[in-house]
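Those protein sequence lines, which keep their order, are chains A and B.
Per my numbering, the very first residue in the first sequence carries number 389; after that it's consecutive.
Per my numbering, the very first residue in the second sequence carries number 890; after that it's consecutive.
Calculated directly from the structure, the hints in this document are not laboratory data.
Just so you know, not all the hints are guaranteed correct.
Distance condition first, Cα-Cα at most 27 Å in a straight line; then the derived BS3-like pairs of lysine-lysine [what the hints assert, rightly or not]:
(1) A/Lys493 <-> B/Lys1044
(2) A/Lys509 <-> A/Lys493
(3) A/Lys422 <-> A/Lys509
(4) A/Lys507 <-> A/Lys467
(5) A/Lys401 <-> A/Lys422
(6) A/Lys423 <-> A/Lys508
(7) B/Lys976 <-> A/Lys507
(8) A/Lys493 <-> A/Lys481
(9) A/Lys401 <-> A/Lys481
(10) B/Lys1044 <-> A/Lys508
(11) A/Lys467 <-> B/Lys976
(12) A/Lys446 <-> B/Lys976
(13) B/Lys938 <-> A/Lys509
(14) B/Lys1095 <-> A/Lys446
(15) A/Lys508 <-> A/Lys486
(16) A/Lys493 <-> A/Lys446
(17) B/Lys938 <-> A/Lys486
(18) A/Lys423 <-> B/Lys976
(19) A/Lys401 <-> A/Lys509
(20) A/Lys488 <-> A/Lys467
(21) B/Lys925 <-> B/Lys1020
(22) A/Lys488 <-> B/Lys938
Predicted model only: the values in this text are computed from it and were never measured.
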Amino acid sequence: MNQQAGNDALLDKIVEEIFNAYPSLYERYGENGKKRTREDNQHHLDYLQSAYDADDSKLFVDYTVWLHELLSARGMNEKIIIDNYERLIPLLKDHMDKGKYDFFKACLEEGIQILIAEKKKDEEDN
Amino acid sequence: MTEAWRHFAAALLAGDERQAYTILIEDTRPSIRVYKEIITPAMYDIGEKWLRNEITVADEHLATSVCDFALAQYTFQFKQRNRQSEKKAMFLCLEDEQHVIGSKMIAALFEENHWQVRHLGPNLPLSDALKSAEQWHPDVIGLSAAIPYRITALKEYIAAFEQLSWEPQILVGGRVVAMHDLRAYCGRQTRVIYDLDEVAAWLEEKTEAPADGVR
Chain A
389 MNQQAGNDAL
399 LDKIVEEIFN
409 AYPSLYERYG
419 ENGKKRTRED
429 NQHHLDYLQS
439 AYDADDSKLF
449 VDYTVWLHEL
459 LSARGMNEKI
469 IIDNYERLIP
479 LLKDHMDKGK
489 YDFFKACLEE
499 GIQILIAEKK
509 KDEEDN
Chain B
890 MTEAWRHFAA
900 ALLAGDERQA
910 YTILIEDTRP
920 SIRVYKEIIT
930 PAMYDIGEKW
940 LRNEITVADE
950 HLATSVCDFA
960 LAQYTFQFKQ
970 RNRQSEKKAM
980 FLCLEDEQHV
990 IGSKMIAALF
1000 EENHWQVRHL
1010 GPNLPLSDAL
1020 KSAEQWHPDV
1030 IGLSAAIPYR
1040 ITALKEYIAA
1050 FEQLSWEPQI
1060 LVGGRVVAMH
1070 DLRAYCGRQT
1080 RVIYDLDEVA
1090 AWLEEKTEAP
1100 ADGVR
């Protein structure tokens, strides 16, 4: 399986999982919602790959902070990103070698920790 | 008094090319300070406004387009009276990279120092960039990247340009340089540029005649 076909299959799976878990998303956003979720996940993977190539998890962590700010301003809280990242971790395993998987997993877990800290900060502020 | 960059940002968002240009041309600061103190903070502010959902993508594109126009008009004064040297500099943005204003300000500094300049714009695939370089033989190749996930591509561009037979000087700039240390990917021909002052100092070393933009 080449890289692009592997990514396509992975993106299909993550979109399916998210929309199965939250049927109201489809009712609200329809096919366009699926398209956007796919694009978002392509971005997550692009940043993970870039962090891996540069051996610098900070690139992914900074991206997560930026994404959180972007989505918060559009009425979405960190839960949606945490849920997405948590679902990605087990799915990635079949799509890459162990070294890369371990790196991606560590980045996603670091991202989740940052988002949990943001959530706490928001709760304290309110 | 409201800072000039705020007026400039307002003109960009209003789509007012005349006002945007007037703010630049009537400012008495040297050109490098106009770039650093007016254009750069205005464009950063517009990016932040988009991030905070205070303006739309369309607003941001309009602002960029007006800024591009105002900057081109502002730098045309230097082009008109330039006596061009033999030295050539080529600038480009990586494939998928749309942020051109930063490298256009750098290109303007080169023009003010009498260099022949070609800016190849946004989103240029490596193979086309290489072909263009081989035809024109620039002494300097400036690469710009703002999106962090293009770092992998940036490494490829640097490596490819470092193979060119006449060994051009390669300059790498854009927001990614502040996000990740790129020096590990750079050979002795390549220099990471962190701000406009660094470019100006580098140009001063290379240029004997005073720059047109310094007034």
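Here is how each hint holds up against the structure:
1. A/Lys493 <-> B/Lys1044: It holds: about 24 Å lies between the C-alpha atoms, which stays within 27 Å.
2. A/Lys509 <-> A/Lys493: Measuring from Cα to Cα gives roughly 24 Å; hence the hint holds.
3. A/Lys422 <-> A/Lys509: 30 Å, violated
4. A/Lys507 <-> A/Lys467: 8 Å, holds
5. A/Lys401 <-> A/Lys422: With a Cα-Cα distance of about 11 Å, the restraint between A/Lys401 and A/Lys422 holds, given a limit of 27 Å.
6. A/Lys423 <-> A/Lys508: The given pair, whose Cα atoms are some 31 Å apart, is violated under the 27 Å limit.
7. B/Lys976 <-> A/Lys507: Judged against 27 Å, a Cα distance of about 54 Å means the pair is violated.
8. A/Lys493 <-> A/Lys481: This hinted pair holds, its Cα atoms lying about 9 Å apart.
9. A/Lys401 <-> A/Lys481: 13 Å, holds
10. B/Lys1044 <-> A/Lys508: 38 Å, violated
11. A/Lys467 <-> B/Lys976: 55 Å, violated
12. A/Lys446 <-> B/Lys976: Given pair A/Lys446, B/Lys976 is violated - Cα atoms ~39 Å apart, limit 27 Å.
13. B/Lys938 <-> A/Lys509: Holds, at about 22 Å.
14. B/Lys1095 <-> A/Lys446: 36 Å, violated
15. A/Lys508 <-> A/Lys486: 33 Å, violated
16. A/Lys493 <-> A/Lys446: Holds: A/Lys493 and A/Lys446 sit about 14 Å apart, inside 27 Å.
17. B/Lys938 <-> A/Lys486: 40 Å, violated
18. A/Lys423 <-> B/Lys976: Distance of about 48 Å is beyond 27 Å: violated.
19. A/Lys401 <-> A/Lys509: 32 Å, violated
20. A/Lys488 <-> A/Lys467: The given pair, whose Cα atoms are some 26 Å apart, holds under the 27 Å limit.
21. B/Lys925 <-> B/Lys1020: Violated - the C-alpha atoms of B/Lys1020 and B/Lys925 are around 32 Å apart, more than 27 Å.
22. A/Lys488 <-> B/Lys938: Violated: A/Lys488 and B/Lys938 sit about 36 Å apart, past 27 Å.
The earlier numbered hints that this structure contradicts are 3, 6, 7, 10, 11, 12, 14, 15, 17, 18, 19, 21 and 22.
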